[in-house]
Each structure stands twice: as C-alpha cells, then as structure tokens.
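K.L.:
Given the coordinates of chain B, assemble chain V onto it according to the supplied hints.
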Amino acid sequence: MKKEIVRFENVTRQEDGATYLDNFSFYICEGEILGLVSVNDREKSELLKLLARNLPIDFGRIYFEGRLVNSYLNSDYTVNKVYTIDEKSSLIQDLSIADNIFVMRPGFRKYVINETVLMEQALRVFQELSFDINLNQRVSRLSTMERIIVEAAKAYLMGCRLLIFLSPEKIISQADYEKFHQFLLKLKKLNVASLYICYHHWIMFEICDRIALFSSGRIKRIFEKKDFHQTAFAPYVLSFEGYKAYRCQAAGDPIIQLDNLSSIAIQHLNLSAGPGECITLLDSDNQVTDELLDILTGLETDYEGSILCQGRDIRKQKGDCLDRSMIILDDNPTETFLFQEMSYLENLSFLLDRKLRKSILKPAFLHSVRNEYYREAGELVDERHIGGLTLREKYGLIYNKISLFHPKILIIKKPFAYGDMRCRNYILERLKALKESGISILLLTNYITDCLYLSDRIEVIKNGQNIVSLHPEEYGIISRIF
Amino acid sequence: MRNKRYLLNRIRYFAVASMIFMLALLLAIFIQESAYLKVKIFSTVLTVIFLFLMYYGYREIYRPLMLNNRIKSMFAKGDSYEDIYNLEYPLSSEEQAMFQRFFVLLDKNKLISTSKKQSEYLALQNQINPHFLYNTLEGIRAEAVIAGVDTIAEMTEALATYFRYTISQVNNLVSLEEELANVENYYYIQQFRFGDKLKFSVSYDCDDEYEVLRCQIPKLTLQPLVENAIYHGLEQKIGTGQLTIKITMTDCHLIIMISDDGIGMGKEQVKKINETLRSLRLEDASEGSSRNGIAVRNVNNRIKLLFGEEYGIYIYSQPNAGTDAEITLPVVKD
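Line by line, the protein sequences are chains B and V.
For the record, in the first sequence the residue sitting at position 19 is 19 according to my numbering, with numbers rising by one throughout.
Just add 1000 to wherever you are in the second sequence, counting from 1, and you've got my numbering.
No lab work stands behind these hints: they were computed from the structure.
Careful: at least some of the hints might be erroneous.
Claimed, not checked - Subject to a maximum C-alpha distance of 30 Å in a straight line, what follows is the list of computed DSS-like cross-link-like pairs (lysine-lysine): (1) Lys3(B) with Lys1333(V); (2) Lys49(B) with Lys179(B); (3) Lys1237(V) with Lys220(B); (4) Lys1237(V) with Lys225(B); (5) Lys1077(V) with Lys220(B).
Claimed, not checked - If you want the footprint, here are the derived chain B segments under chain V, 3+ residues with CB under 8 Å: (6) 3-15; (7) 20-26; (8) 57-68; (9) 220-229.
Unchecked claim - Simulated DEER-style distance windows between Cβ atoms: (10) Asn191(B) with Phe1194(V): 39 to 45 Å; (11) Ala234(B) with Thr1276(V): 36 to 42 Å; (12) Arg384(B) with Gln1100(V): 55 to 61 Å; (13) Gln182(B) with Pro1090(V): 52 to 58 Å; (14) Glu1268(V) with Asn191(B): 36 to 42 Å; (15) Ala52(B) with Phe1099(V): 35 to 41 Å; (16) Asn1069(V) with Lys3(B): 36 to 42 Å; (17) Gln182(B) with Asp1150(V): 53 to 59 Å; (18) Gly1057(V) with Ile133(B): 55 to 61 Å; (19) Asn1069(V) with Ala234(B): 44 to 50 Å; (20) Phe1103(V) with Glu206(B): 48 to 54 Å; (21) Pro472(B) with Phe1194(V): 40 to 46 Å.
Every residue, glycine too, gets a C-beta built ideally from N, C-alpha and C.
With the rest of the complex left out, here is chain B (with noise of 0.2 Å):
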C-alpha cells in the first residue's frame, strides 16, 4: 500500500498582507515522482519554506509521514527531512564525497572517524543507485549530473524521503537529461519521493507520475499519466504553441561570424548571424557556452580561428562588446545587469554616454529617454531603486535598455532560466520584437526549451563542435539526437 510522505490540507500562509498558499492541497506519496508547474516564484518559494520547515501557517494542517507537523493552531519552526537539489550545490567543494556525505551531515555525532565503515556505507549506497564513482574524489571536479548524484545519496543517508529537484533543466544539459530521469527511477525503486519543479510541463511528461499545476497559491489540477499531453494542458498553461516569430530570411552580410573557432573546449566552432536572425547554440555538454562568452567578452584571447563581429576580427579591434555594439547577458541579467541601488532612468541611461560618444548627457535628453519609456514602463521609470521592482518589471527594464541601446548583436546565455511562466512570455515578446527591429540576438542554452518558438536556427553543439544544423521544420528531431 502506498505510503504517504507529504499531506498539506487546506494549507493557508499569509506574510505581509500577502496570501501566498491559499487553501492549498496536495500530496505526495513514496516512491512518486510528482511534477510541479508553478506560475509564480514567490509562492513556489513559500511552499518549498514550508515543506522544509514548519513555519506558522494561517489554517490548514500539514502532514509528515502520517504525522500532524505543522498546523494553524501549532508551528514549531522544526526541520522536516526534506532535501532541496538546485543550481547552487550544497556539498563543500574542497572535501571529498564521503567527507561531505558523512562528515558534513547534521545529527553526525562522532568523535572518532572510522573511515572504512563510513565508505562501506557510501558504497554501499551508490551501489543501490547503480552509480560508481570514486569517494575519494574532491567535489569540486565532479560534473554536474554526479554532483547531484552525490547530494541525493547523502539526503537518503540523511533519512530524506522527499527530494525536491528545483528546475533541474536550468543545470543539466540535454544530453544528460536521460541519465537524470534514469536516476529518478531507481530513486522511485528507493522509495525515494521526488518533487520534480520545473517551467516546463512537456519535459516532466516522460518521468512524473502525477503533475501538479500550482497558481495563485492553489493547486489548479493534479494531471494524471493519462492527460500528459498538450491538449489537456492547453487550457491552463499559456501557449507559445501558435506563436509565430517573424522567421528571417537571412539578407545581407553576416553581423557575427564564427569561423573554426577553438580553444580548450571548442573544437572548430563555425557559426553565423545575420541581420534580425536569431541562432540558438543548444551547448548539449555544457562545456561551450562560458568558455565562448569569455572569448566575445574579451577576457579569454588564447584561441584559434576568428571572430568576425561587422566583417571586423575582434582582436583587431579596440575597445569592448559597446564599442562592438554588442551586448551579453547571462543567465541572471537581473542580479549582473543592472544596479540594485541606482533609479530606473539611472540603469535605462547608464553607458549611454558612451554609446552615444558624448562625456555629458543633457537633461533634456534624459528627459525625453523618460518619456518614451513611460509609455511602456510607466510610473515605474520614476522608481528611485529598483531593488523592489518584480522579476517581470526588472525584465522590463533589461529589455527596455537593450531596445534604447539597439545593439548590432544581442547574446544571452540561458535567456529563460529565470522567471515564471509569464515572465519568459513576456521574455519572449521582448526578444521578438529586438528581433523584428534587425537585431542579430545568439542564444546559448543547454537546454532547448522556449527559444524553439524564436530561433531561426539551432546549432546543436557536443564535445565543442557542431555536429548538426537545424532549421524550424527539422525541430521535431531534437529529442532524437541524444
């Protein structure tokens, strides 16, 4: 008989006025692998607050394999044996795996260290999930599928029974997406619970055996395995299905030019963009990607073949990515593009001296920058500090300083990996639009997911090189390469 692990009941949690579970139920049982769409981070936070940890809740009761943990009348702020696996790794990156698994345990109460008993045990666990690696391995050289691995190995020799995996598609690459789900499934036969939270509901398909849609503080529908398809989901999530980017024909003289680009991880890289063409890098190893936002930044010059940026090789040219009229993002632009302490007007305009090659800015020019963005921003281009804008609203003003500065060519890496599902709708329409405007924009992912409706192109990247070329019609095969 299935045994329950989570229960939440009727769960409400307010904070600041705020109501962010809301009548909420759900629950998981073990061994299930449970999927979860969730439209907006601040409640998908709150619910992960609660899972880990009994903080109050406002009515409704919460249930821990079987046992009453948390409910409106009683909260005692205890640690329920809840593991959260996401982007930012938990092990130490100087000590080896058994030392993490063992020695940087809580409830580890041991003075003296019998090795050999500690590693009989971690072997013995990796043997129950048919992994083998060496425990004597420093963490910091592990790959990024072994890392999780190995902190899943350590919360089930912690006692965890729920793992939550947090949108485990911004870290793994398509080419180890199979291995994960293969290591979800011998966690099932563990009777390891897995909340599995993700943006995307096709990509769970596959793996869940339940997917819950989590919006505005409720569960909208729990989906069976029988309703894991688009028709069932169509109602409830938005739809980039009919969407229909403006596809370039390609005219005119390539913007940005790879030509038999290598350095340590490239390996003769050969990639093109034209005006108003958007060219997705699918980096399906994870090895490119940083490697070639290094060499366009200019911090790594060690490379071979060329970089023709406007017919110019970048290493003949002087100054930096403005001067190149090109602009990089990474996968957080919220957190590395913009300044948390400066207004609205004051991120929108900075650099824009530079750009526009004048030392000082007139008033009047700032002010007529203000009042073309009020039309889009509105009275948020007045905010004094930007600290409080939303996700969506700082999106806005990322994307609304790109439009003012209208580079050449526009590079992000990992363009959706933060936001919730109308946030990188949003995202999309921005960058539809950068692109209908003539901007050549490169996308490097790991995974392929939105940017299917905006490329032009996806250039499918492994062991540093290109190894397939595919125009929209030839999508459908993606899934098929790996």
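P.N.:
Chain V alone, transformed into the frame defined by chain B:
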C-alpha cells in the same frame, strides 16, 4: 448596543499596568546609585526574576490565551468546528465541561441525518411513501414486460433499484462497492437521456482492488457529485462528455477523484466553493437552504461530521477544461 467589558481586555490592562509598575520600580532602584553591594545584587536578581516572569507569562499564559482566542474566533466565523471542544489549554475545568455540554447539545447525529436528508432527493421531500413508489414502479415494469417494451422495463427497474438504495438503507456507512453500484445504476438511468454523449469509467490506483471495494464510506457520497458533474459540467458541453472516477488508496487515506471534462468553472467560483468546503458549515444543513449547488456541501459536511474536519472535498476546475472533485476519506474497513 453597549460595549461589552471583556474579561480578557481587563487581564491585558492588568498585565500591562503590572509590567509598568515593575519597570518603574526597577528603574527607581537603579537610579538610586546605591553604593551598597547588597542593593546592587538585589536589583540584579530582581531584574532577572522580572525577565523570567515576563518570559514565563508570555509562554505559559499569553500564548495559550491567544491560541484559545484564535480557535474561538475561527469557530465563530465557521472555519473550524471541532477544535473548540478539545482546547489544548482550557481556562478551567468548568469551561471545558461547558464546551463538552455544548457538543452534546449540538447533537452530531442529528446534524448528520439533517444533512443526509437533504441529499436524499429533495423532490421527494418525504411526502411519498417509499413502498407505494416501489410498488408503482414494479407495476410499470410488469406492464412494460407484457407489452414487450424492454427499454421501459429496464429503465423502471433501474429507477426502482436507485430509489431503494437512496431511501431505504438507513446506515451512515456503506461499502465503496455499494456506492459504485449505485453510481453505475444512476449512470444507466442517465444514459436513456444522454445516450452516447455521456461516457463513464472507473479506475483504481492501488495494489488490491478487492480490499478497496470493501472500504466503508458515507452513504450517498458519490452519486450527488456525479449528478453535479453531469448537470453542471457535461450537460452544457457540446460533444461527448467523459466522466471518470479514480480511486486511490494510501496507508491512511482513501482518495476518490470524480472528474468530468465539461465546461468547468471560473477561478473565483472555484475559490469560493473551496473556501466553503474547507470547514464544516452548519448553516448549510438547515432545511431552508436552496438546492442549487448544495449537494457538494452536504456531502462534505457529512464527511466532516462522521470522520473529522481533516477529511472532505476539494474542487479543481478550469473553464473549458473540466472539473475534478477530490474526496479524501479515512480508510475504514468493515
């Protein structure tokens, strides 16, 4: 109306006044700047005792009082029904006895039967003698058989079986098997009206189907929800409608999901329904309530009265996608 002089407010005022007095006393001792060591030690000890009393008062008196207050206010709002009878920190044994007396006076069983009566076909209103009804239906069936109209005979038989189950059985709990048989009979009657437009299926997610079917559930739990799904979900749908019952059994719960792929409901309506379903609403059991949409609330009330407030119904719905009614019950075996 004259403002009531609440006892709790008086306690609050008294506690605040005592604290201010103690603080003033401590302050007076400290600013005295006495050179005597004994006075200094005395004032420090007094401060420690004062702080300890403050903490003790907060933890052992203030917090329980606030918790009781919260339970009482939730009871007053109708959000909770049972917690007030089992206060963790009753004020006194007399108060506890008083609440227990209220519990007896409310007569849970009467509430259950009032609630059940409403779900037992308001059309009948107990005005028709059941035996007269069965005999009449049996007479119609016999005439139809003689005339060779098999469909009328079958339909009448189904209707008689349906009424017999609905009206005659007086038990609160029946087996899931009996409930499902009643639903299938009800579906059979509805098929005369809807034909192929209505599809129905039952699926199980458990190791032992036979064991699940023996589980006891409140009588007339499923049929009112199935009726709701047909009339509010599928009747207005263009094309074929699918009605599904999925039964899941875990170590402590029996979960029955009744799903339709009908017209569904809007976000606000679903929210409102779930808010009324999350706790026992005694006002719904009153005889004067209108029939419209009351079936779900009645079933929910009966479940909560019979098994406790942690069980009941939860609705998931989306316009043009359908509605799922999830019934959570304890595992009760005969």
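K.L.:
Next, verify each hint and record whether it holds.
P.N.:
Each hint tested on the structure:
Distance restraint check for Lys3(B) and Lys1333(V): the Cα-Cα separation of roughly 17 Å lies within the 30 Å cut-off, and the hinted pair is therefore satisfied. A C-alpha spacing of about 28 Å is found between Lys49(B) and Lys179(B), which places the hinted pair at or below 30 Å, so the restraint holds. A distance of roughly 21 Å separates the Cα atoms of Lys1237(V) and Lys220(B); the hinted pair therefore holds under the 30 Å criterion. A C-alpha spacing of about 24 Å is found between Lys1237(V) and Lys225(B), which places the hinted pair at or below 30 Å, so the restraint holds.
A C-alpha spacing of about 26 Å is found between Lys1077(V) and Lys220(B), which places the hinted pair at or below 30 Å, so the restraint holds. Given as covered by chain V, the region 3-15 of chain B passes the check, having 5 residues with a CB less than 8 Å from a CB of that chain where 3 are the minimum. Three residues within the 8 Å Cβ limit are the bar, and the region 20-26 of chain B against chain V gives 3, so the coverage statement holds. Look at the region 57-68 of chain B against chain V: 4 of its residues bring a Cβ nearer than 8 Å to a Cβ of that chain, three or more, so the hint holds.
For the region 220-229 of chain B, the stated coverage by chain V holds: 4 residues have a C-beta nearer than 8 Å to a C-beta of that chain, and at least 3 were required. In this structure the supplied range 39 to 45 Å holds for Asn191(B) paired with Phe1194(V), their Cβ-Cβ distance being about 43 Å. As the Cβ distance of Ala234(B) to Thr1276(V) is approximately 29 Å, the hint placing it in 36 to 42 Å is violated. One distance hint, 55 to 61 Å for the beta-carbon pair Arg384(B) and Gln1100(V), holds here, with the actual separation near 60 Å.
For the hinted restraint 52 to 58 Å between Gln182(B) and Pro1090(V), the CB-CB distance of approximately 56 Å keeps it satisfied. Separation of Glu1268(V) from Asn191(B) is about 40 Å and conforms to the stated range, judged on CB atoms against 36 to 42 Å. Distance hint for Ala52(B) and Phe1099(V): a CB-CB separation of about 36 Å, consistent with the stated range 35 to 41 Å. Hint check: Asn1069(V) to Lys3(B), Cβ distance near 37 Å, so the stated range 36 to 42 Å holds.
For the hinted restraint 53 to 59 Å between Gln182(B) and Asp1150(V), the CB-CB distance of approximately 57 Å keeps it satisfied. In this structure the supplied range 55 to 61 Å holds for Gly1057(V) paired with Ile133(B), their Cβ-Cβ distance being about 56 Å. Checked against the hint of 44 to 50 Å, the C-beta distance between Asn1069(V) and Ala234(B) comes to roughly 47 Å, which is consistent with it. Against the hinted window of 48 to 54 Å, the Cβ-Cβ separation of Phe1103(V) and Glu206(B) comes to about 52 Å, which satisfies the hint.
Take Pro472(B) and Phe1194(V): their Cβ atoms lie about 44 Å apart, and the range 40 to 46 Å holds.
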